[in-house]
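With the hints as constraints, model all of the structure from the sequences given.
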Amino acid sequence: MDITFDHVSYTYQAGTPFAGEGLQDISVTIHDGSYTAIIGHTGSGKSTLLQHLNALLKPTSGTVTIGDRQITSETSNKNLKPLRQQVGMVFQFAENQLFEQTVARDIAFGPKNFGVPEAKANALAEQMVTLVGLPASVLSQSPFDLSGGQMRRVAIAGVLAMQPSVLVLDEPTAGLDPAGRRDMMQLFAKLHREQHLTVVLVTHQMDDVADYADHVLVMDHGRLVKTGTPREIFADPVWLTANQLGLPKTTQMAMALQRRGFKFAELPLTTSALAAALLPQLPVKAGERDE
Amino acid sequence: MNKLIIGRYLPGNSWVHQLDPRTKLLASFYFIAIVFMANTWLSYLVMFAGVMVMIAASRIRIGFFLRGVRPMIWLILFTVGLQIFFTTGGHVYWQWGWLHVTHYGLINGAYIFCRFVLIIFVSTLLTLTTQPLSLADAVESLLRPLRYLHVPVTELALVLQIALRFVPTLMDQTTKIMNAQRARGVDFGTGGLFQQMKAVVPLLIPLFVDSFGIAEDLATAMDARGYRGGDGRSKFRVLAYHSRDWVAGGSMIVLTALLLLTRR
Amino acid sequence: MTQAIEIAHLNYQYPDTPRPALRDVSLSVASGEWVAIIGHNGSGKSTLAKNINGLLAPGSGTVTVGGELLTEESVWDIRAKVGIVFQNPDNQFVGATVADDVAFGLENRGMPRPEMIKRVDSALAAVNMTEFATREPARLSGGQKQRVAIAGIVAQTPDIIILDEATSMLDPAGRQEILSLIRELRAARPLTVVSITHDIDEAALADRIVLLNDGEIVETGTPAEIFRHGEELIDLGLDVPYAGRLKAALAQRGVAVPAAYLDAEGLVDYLWTLHSTM
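Heads up: the sequence lines are chains A, B and C, in that order. All the letters of the first sequence, read from the start, carry residue numbers 1 to 291 under full-length UniProt numbering. All the letters of the second sequence, read from the start, carry residue numbers 1 to 264 under full-length UniProt numbering. All the letters of the third sequence, read from the start, carry residue numbers 1 to 278 under full-length UniProt numbering.
A portion of the hints provided could be inaccurate.
Unchecked claim - Heads up, simulated BS3-like pairs for lysine-lysine below, C-alpha to C-alpha not over 30 Å straight-line: (1) K120(A) <-> K198(B); (2) K58(A) <-> K198(B); (3) K235(B) <-> K81(C); (4) K263(A) <-> K226(A); (5) K58(A) <-> K235(B); (6) K235(B) <-> K112(A); (7) K198(B) <-> K81(A); (8) K198(B) <-> K78(A); (9) K118(C) <-> K235(B); (10) K112(A) <-> K226(A); (11) K190(A) <-> K120(A); (12) K176(B) <-> K190(A); (13) K176(B) <-> K120(A); (14) K198(B) <-> K226(A).
To be verified - Facing chain C, according to a computed beta carbon distance under 7 Å, are these residues of chain A, among others: (15) V116; (16) L240; (17) T241; (18) K249; (19) L257; (20) T270; (21) T271; (22) S272; (23) P280.
Hints were generated in silico from the structure; no laboratory data involved. Idealized CB from N, CA, C, for every residue including glycine.
And the structure:
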């Protein structure tokens with residue numbers, strides 16, 4: 001399912017003296033099956049953009065097309081449910097949305113709202129809890145008895161249980177420890193790969209952008225200032241640094257090596273790509289070269 | 001909700017903004033009290049002139065004040081209607097059963113309308129030019145004598161101050177949780193009463209849990225920074241009257257005198 | 001050198017939990033030292049921090065801060081010497097405005113107002129927040145709120161500052177902002193820092209890293225010593241330093257790499273030397 005923005009602008013509290021600009025003239029398409037990263041510093045409009053992906057916000061002007069539904073400022077708030085089911089959204093610190101008495105009921109909450117029968121919803125809860133790497137024994141526990149990291153997983157399971165075709169993630173790893181971050185990013189990559197979920201990720205971690213995304217949107221002051229593949233985006237370190245966006249650690253390392261005299265046809269983005277690019281330029285113990 | 005003007009603060013640096021919050025609070029109460037003394041066209045004109053001077057001194061566009069009246073308009077028209085239809089006396093213009101429109105009724109209706117507008121203008125002016133925090137300071141300062149009656153005024157003031165400080169945080173949190181639940185298929189504000197009540201549960205429980213979390217964190221932070229109750233604390237925020245506060249007080253006396261001269 | 005913090009055989013168990021959060025922890029931190037405490041979530045790091053200034057009372061064992069034994073009587077003295085910056089920038093902001101928040105700790109100590117004003121001004125200047133003095137917290141970024149929290153501590157002129165995952169909820173710019181601020185403050189006057197963190201850059205700034213696992217200290221060493229664990233670090237609650245990751249990737253492809261830890265610069269040097277032998 002494609003999501004297309006056509007000249008979308010959004011003004012906060014439009015028509016009041018407290019009005020503020022949220023988005024300005026955004027035109028872009030998030031393609032079905034893509035893994036899109038949205039980057040930009042705090043307050044650049046990333047969150048406002050996200051809320052247009054499932055019509056939590058409606059554009060002040062312009063059109064958002066989600067699958068076959070068109071959303072404009074005129075769109076009524078009714079009948080948005082099918083759309084919300086198709087675009088699952090994991091908010092920042094998603095553990096804050098838990099409220100049910102048991103983990104199972106919380107995960108089943110979304111599907112039931114979208115009309116999935118009780119038995120099927122419970123089966124989904126069991127399936128999703130395992131998928132996010134929690135033991136089935138937590139299903140009968142209160143979500144509030146779990147650790148912060150486990151609660152986050154339950155919340156994500158609750159969104160996956162809606163069986164969306166687009167998964168929107170707003171800094172899903174914020175506040176987790178490194179092992180938790182790694183597991184979570186690998187889970188999303190797996191969902192993208194195996195279930196062909198379209199993933200939209202908002203992040204400050206350039207390493208994650210380099211490792212996982214195939215498309216990048218750069219936001220600044222409510223405008224879309226750059227789009228491209230990670231390679232295209234990270235090919236301009238000067239521009240990125242000037243916009244306080246930083247570079248993946250691999251690219252930083254490659255630049256340091258380049259300054260020293262190593263040669264790269266193009267700046268590598270991932271550790272394995274850098275190692276592969278270095279290999280011909282380094283002596284290797286006989287018989288061990290594996291590529 | 002965001003369109004409500006009354007109760008909001010509009011940052012500024014005008015003469016009215018700079019008044020001591022106690023002056024503004026007392027003057028507003030005083031003004032509202034004397035509005036009820038006006039009983040002639042001329043006396044209402046005096047009061048309107050007074051409000052216009054204040055609004056001019058606040059350098060806030062009149063549109064803000066008119067907008068402040070808008071959400072109250074039905075209440076105002078209802079009250080005005082009651083006055084018009086149920087006041088007796090003077091020439092009767094129209095009658096239908098026990099409903100009648102009389103000369104006095106029309107005049108009273110117009111007076112009530114003026115009173116409402118004056119009161120809304122003044123309260124809007126107070127909140128537009130005074131931060132809630134300053135108002136809390138003013139209340140604390142004005143209630144200070146109650147300490148002699150063993151009312152814990154300083155503790156109450158701190159509670160009020162912290163409550164005000166967390167209003168934006170909790171509003172923010174409310175929006176976030178509402179969005180998260182809407183994304184999971186909850187419809188807020190649609191369906192019957194029972195459905196709407198049911199929809200509020202997924203909002204209220206996370207909000208409570210979050211508030212308790214904030215309270216716990218905040219208590220720990222306060223503890224770590226050496227808070228042990230109101231005794232022995234000094235104060236960083238102090239209020240001080242300046243010459244403009246005396247001018248404001250004097251103006252209220254002049255206004256009262258003009259009102260007394262023009263009323264019957 | 002005098003010891004800023006001396007912890008001996010500390011045990012702590014939360015009520016209604018099956019096992020202790022801290023087991024026989026002994027640690028001394030020298031005055032002026034920067035110690036990072038790492039460990040995965042739930043390893044007891046924050047519990048340790050809260051025991052240092054008496055927010056939690058030790059089950060057994062002793063805590064001595066600046067030569068003073070932590071007791072019910074000395075706890076307020078010790079809290080004046082130890083400032084803690086907590087994880088959530090919003091939930092530790094007590095004051096209605098920036099200046100009010102900085103003054104909060106001073107008010108608690110009953111400091112006369114003229115002295116308070118002086119301290120607030122200089123603390124705000126020290127964290128570069130002077131122009132924000134009258135701002136409300138809702139209009140600040142996370143990094144700015146944490147700077148205000150630090151100003152509140154600086155105003156009390158403490159000897160020790162504890163960063164309890166103080167940068168974990170900030171964006172990379174905010175994180176950098178806080179770390180360089182702590183470095184600046186340490187350059188200006190002697191300050192002991194205990195930082196509890198998952199952040200590799202923050203841990204690298206420390207003189208010493210203490211590794212905590214299931215409530216016990218399992219290892220203590222310099223960053224170079226600890227970072228030698230390479231890929232294992234991630235399960236110990238820390239990111240793997242980039243140089244370590246690249247080294248592993250190269251070793252896998254048959255490049256001879258040294259066993260010792262190298263930082264990024266060191267690895268660049270090493271690889272260039274290696275390249276020159278071709």
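(request) Answer holds if the nearest beta-carbon of chain C is closer than 7 Å to that of L240(A); otherwise answer violated. (result) violated, 12 Å
(request) Could you grab the alpha-carbon distance between K58(A) and K198(B) and see if it respects the 30 Å cut-off? (result) holds, 25 Å
(request) Sort out whether K235(B) lies within 30 Å of K58(A), counting only the CA atoms. (result) violated, 47 Å
(message) Can you verify the interface hint for T241(A): is its Cβ closer than 7 Å to any Cβ in chain C?
(response) violated, 12 Å
(message) Would the hint linking K176(B) and K120(A) be met if the CA-CA limit is 30 Å?
(response) holds, 28 Å
(message) Can you confirm whether the C-alpha distance between K190(A) and K120(A) stays at or below 30 Å?
(response) holds, 23 Å
(request) Mind checking the alpha carbons of K235(B) and K81(C) for me, to see if they're no more than 30 Å apart? (result) holds, 21 Å
(message) With the threshold set at 30 Å, check whether the alpha-carbon distance from K198(B) to K78(A) stays at or below it.
(response) OK: K198(B) and K78(A) at ~18 Å, within 30 Å.
(message) Given a cut of 7 Å on the nearest C-beta pair, is the interface hint for V116(A) held or broken against chain C?
(response) Because about 33 Å separates V116(A) from the closest Cβ in chain C, which is outside the 7 Å limit, the hint is violated.
(message) Check whether the Cα positions of K263(A) and K226(A) lie no farther apart than 30 Å.
(response) Given pair K263(A), K226(A) holds - Cα atoms ~27 Å apart, limit 30 Å.
(request) Would you settle whether the hint for P280(A) is holds or violated, based on the nearest Cβ-Cβ distance to chain C being less than 7 Å? (result) violated, 10 Å
(request) Starting from K118(C), check that the Cα of K235(B) is at most 30 Å away, please. (result) holds, 14 Å
The structure fails hints 5, 6, 10, 14, 15, 16, 17, 20 and 23 (numbered hints given earlier, in ascending order).
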